[in-house]
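*Asks:* Take a look at the letters that make up each chain.
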Amino acid sequence: MMPRKLTPLQALLMGLALIVVLFPVFWIVMTAIKPPTDWNASPAIWVPSKPTLINFQTLFNPDAIREYGVGGVSQAATDAVIGSLLASVSATAISVVIGLFSAIGISRYGNGGKSTPLVILSGRMFPPAAIAVPFVIMFSTIGLIDSYPGLIAIYAAVTLPFSTWMLKSFVEDLPREIEEAAMIDGQSRMMAHLTVTIPLIKGGLFATTMFVFILNWSEFMFALVLSYSNVSTIPVQLAKYVTATAGTLYGVQAALAVLAMVPLVIVGYRIQSHLARGMTFGAIKQ
Amino acid sequence: MSMTMTTAHMTTTYATYAEGMATGASTGAECAMPGAGLPPALVVDGLSKRFGGNAALDGVGFDVPQGALTVILGPAGAGKTTTLRLVAGLDTPDAGTVELAGRDAAGLEPRERDIAMIFDNLALYPDKTGFQNIANPLVIRRMARDEMEARVAEVAATLQITHVLHRLPKTMSGGERQRVALGRALVRTPALFLLDEPLSSLDAKLRIELRAELKRLQRERGCTFLMATPDFNEAMAIGDTVVLLRQGRVVQVDAPQRLYDAPVDREAALFVGSPQINLLEAAYVPGEDGGHMVAAGTQQAAPAHLALAFGGVARRFELGIRPENLRLTEPGAGTTSGAITGELADIEALGLKSVLTVANPAARLRVLVDSAEARPLRLGQPVELEAVNTPRMLAFDPDGGRSLLHG
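Chains as they are written, first to last, in my numbering: chain A, 27 to 312; chain B, 1386 to 1792.
No lab work stands behind these hints: they were computed from the structure.
Idealized CB from N, CA, C, for every residue including glycine.
One thing to keep in mind: the hints can contain errors.
[Claimed, not checked] Straight-line alpha carbon distances no greater than 30 Å define the calculated DSBU-like cross-link-like pairs of lysine-lysine that follow:
| # | chain 1 | residue 1 | chain 2 | residue 2 |
| --- | --- | --- | --- | --- |
| 1 | B | Lys1555 | B | Lys1600 |
| 2 | A | Lys228 | B | Lys1513 |
| 3 | A | Lys228 | B | Lys1738 |
[To be verified] Pair by pair, the computed Cβ-Cβ distance ranges are:
| # | chain 1 | residue 1 | chain 2 | residue 2 | range |
| --- | --- | --- | --- | --- | --- |
| 4 | A | Val268 | B | Gly1437 | 53 to 61 Å |
| 5 | B | Gly1437 | A | Phe52 | 35 to 43 Å |
| 6 | B | Gly1437 | A | Val123 | 54 to 62 Å |
| 7 | B | Gly1437 | A | Ala119 | 50 to 58 Å |
| 8 | B | Gly1492 | A | Gly149 | 51 to 59 Å |
| 9 | A | Phe237 | B | Glu1652 | 51 to 59 Å |
| 10 | A | Gln298 | B | Leu1655 | 38 to 46 Å |
| 11 | B | Glu1733 | A | Gln298 | 51 to 59 Å |
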């Protein structure tokens, strides 16, 4: 895609949109480096005069913040970060791999007929709260409650409709004749999909992985109701920074939020070139 | 079991290949030459396929002999692509059988069928260069690098695409992409080539050049081609046999000239030939010397083959006369018996030839004449026509349009 010159009006609108999108990011980053006295100062302090890393230190050493005379959280965020990584990475991998093969099966071989894709999607048609409690009971019975396998299973199941449907649209965008050409050239169906279909929908695969990962990474409710002590994730940990003595530890929360953004920003930046469409230009007669 | 057979066959093909290279044959790889007693390369029988509620194919059957170029001719939506896809094993038929070299192909994957196919939309690998596209079938078969390069270079030279071998499809012109797609098929020597409108995106000059080239390659290498096209000129030009397909059914299987001279029904007659055949409401009246017929407001002796077909029984029919079988007669030279009079309604110049449209209250007729003959004519002037080559006249049933000359 060629870079396009913006008209002044477009540039203005783009600028406004950027402010709306980036302001919360700015605010959270600033809060993360504020000392406790600045957290909820009135009038608001936009940029702290004495930036500090104490909030980040407190994440991994809960007592660090006591030098400012506040405290009360006993649990470090280390387990939550590791737990989030474990649950999100595993569940995303499972969801995307199953979704990819479902997408190819549905769009190339009509597997499941007309109704299966809709049945898969119907998994998203009721509020998660409606299934959370039944899952607590079921998982308690089969011993999956408060365990990573349980959380990973439910994350994969909940995001599978998204993976399947997103990837299905990318597979359908790719002319089937390209992979059929590989079958004619001498490859088995499976090899044709592995060596032709998948590389050509790489952009869609990255986009789907990213999207599903964000869903899993920021999931709160299932993590809350399905975990007691063994399992912790970043969103659940965020809710724990409320103390009886000092109220909400805004700065520490912000520090954890900033930490949670880092992998998304890095990955998003690295794959952005793959997100562009138009990978198949020239393959078929227009 | 089937895999073993495929492998064995491939080995034989490669041996033939190597021989061709060693003897320095200019066309390179040779397809298996047809031998006596070999089964047809392809026998399709009772093939049916539905998509949703629509029958794409309804009991299609035909043979493709070894070493011949068979053309599936039909308008868009006739089922040409569906037929090729079923033969290739890309889709599964609802009913019917596909037999490749005497072997039932049911359940075989495309790669087990020893076929090459050129897709309607080309389907090049967008992330591979011209070389990689053409070499792909050889890479999959793990051919040695030297031999592979030699083979690709040779095919590229034949197709005149050596200059695009290092380029990606997106930087190629339409004609170059089309030839790369041809190259990807021609680099192999499968038992059967399936070509789905392989020349459709080329400009007229290149299309005619390349179709002659295809025909030459096919004949010299003794390959078996099954090619789909909506263009009857192309079918006539290169086909040994034409399978005329319409709405998922085989209408006629014949040599191209036979299809032109003796179409089985009115629609086939209209589809094959340009300018289109003239169809006139006509009546046959039996009598001495075979009787006569009335058409286009005139009366003339019935040609013997029509009289014979009608068996001396009076009837209405539709008379078919190809535009080249009508001739302008000198006006005022004394009206010959059976002359058709009318006024000149249109002149369409085609270069060497021109198409005249002559109208009278009973009919509008297209007449193919030399352009020199058309030059002095003025629109609206009265003209006189006579039918020549009357043994080539066709007759169709006004109800249903079946030819009355076929059994």
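*Asks:* Which of the numbered hints are not met once you compare them with the structure shown?
*Replies:* The structure breaks hints 3, 5, 6, 7, 8, 10; every other hint is satisfied.
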